[in-house]
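J.: Could you slot chain B onto chain A? The hints should help.
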Amino acid sequence: MLVKFLKQTWLVLAAALAFGLLVAAVDGQLKQRIEDNKIKKRNRELRALFQEYGATCAFTVQTGKDTEGKKVPYFVAQDATGQIVGYALEHVGGGFADKIVLLIAVDAELENIKGYAVMKSNETPGFGDKITGDFRKEFVNCSAVKLKVVTKGKRYDPEDDVIVAITGATISSEAVTKIVNEAVVILKQVMKTK
Amino acid sequence: MAETEKLELKAVEKPAWTGHFLRGLWQENAIFRQLLGMCPTLAVTAALKPALTMGAATLFVLICSNLVVSAMRKLLVGHLRILMFTLTIATFVTIADQLLQAFLPEMSEKLGPYVPLIIVNCLIIGRAEACASRKGLWTSFCDALGMGIGFTFGLCVLASIRELLADGALWTIRVLPDGFVNWNVMKLPAGAFLTLGVLLGVSNQFFRKK
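Those sequence lines, one after another, are chains A and B. So for the first sequence, my numbering puts the first residue at 8; every next one is plus one. So for the second sequence, my numbering puts the first residue at 305; every next one is plus one.
Just so you know, not all the hints are guaranteed correct.
Footprint (simulated), chain A over chain B, 3 or more residues, beta carbon under 8 angstroms [claimed, not checked]: (1) 378-387; (2) 405-411.
Listing some non-contacts, in silico: residues in chain A with all C-beta distances to chain B over 10 angstroms [unchecked claim]: (3) T63; (4) T74; (5) K77; (6) Q85; (7) D114; (8) K155; (9) V169; (10) T177; (11) K201.
These are computed hints drawn from the structure, not numbers from a lab. Yeah, the Cβ is synthetic: ideal placement off N, Cα and C, and Gly gets one too.
So here's chain A without its partners, still in its complex pose (with noise of 0.2 angstroms):
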């Protein structure tokens, strides 16, 4: 039973265990590179966020705990004097489409949000896709509060704690607002079980 089986499917076998080495071989080489581009696109996030300091802003990444326990790790931006200007925190949420992965970054005392960037979106093109766009500017020196989603009002006025939707593009909007409401919430416990 066994050999035929075996006759039937080495070639499978054969060209699986090939396939697989060759993958890995690849991987091998090719992960340390993949790596470093991740980390220069957040480094350039993070620089964009923060473009008011300057480019001897510094970041380091530290290690806190929300109020449940689990380690969350967050971004440290500090000015060329050392001085702390803000923070900043990957976080993930579900978007109308998919996963979005959004870098927000808020000033030192967390009253304001600063900003975010995209780090991953495959949202509707020429509808969701604009939440890497001018709805950004939505966010900048809104408070840090819980922010809210509407569909009509007065666009990028950081005066008023709600976010303008993008026309067509509510869900997406409202995916966003609540991936950056959900960060503020646990930059905040981070800060105080710190």
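T.: The following block gives chain B in isolation, referenced to the frame of chain A:
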């Protein structure tokens, strides 16, 4: 006794490798003639850059999978050949995805899930079945090259039209005057279908006249 008529069968000329290569470019073009690979055709042709990247990735997978399938064609058992094709194609798609993430990370992000979806592109498994599993290495390579270049050409034509009308640009460089009103529908799936439909009509008309 009536003489029996003997039919002389004219020797059928087997197509040379050039035939395989040239047919893939236009006569049997994957997009305009065979309507294969419609998912990436409609999804990644909003701009020229991602379309060309997708075409290049598909060409790489086509060539590699055709060569490997051709190399093991004499060992393929009837009912396991589809499994072997899929295994081969999946391997090279994984490698293509890793290469994009490593060397073209922005394009990899833009293409998103459509790179792994190359595995289910009917063009690749179709060529493995129709050509690579029956012909030698050189013919299979030329077939893959022709089909891949033809597919890339189709993607680029579609993408050029869509990007030009949607953004007034080609390769993100503005080419139309500022007064041109962008056709936002061209960024959307509806625009993709419309453009593809028109191009299919033009290609059918061309072949009908021939």
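J.: Each of the hints needs a verdict: does it hold here or not?
T.: Structure-based check of each hint:
no. : hint    : in the structure
1   : 378-387 : holds (count 5)
2   : 405-411 : holds (count 4)
3   : T63     : holds (26 angstroms)
4   : T74     : holds (33 angstroms)
5   : K77     : holds (28 angstroms)
6   : Q85     : holds (27 angstroms)
7   : D114    : holds (28 angstroms)
8   : K155    : holds (28 angstroms)
9   : V169    : holds (26 angstroms)
10  : T177    : holds (17 angstroms)
11  : K201    : holds (34 angstroms)
Of the hints listed earlier, there is not a single one the structure fails to meet.
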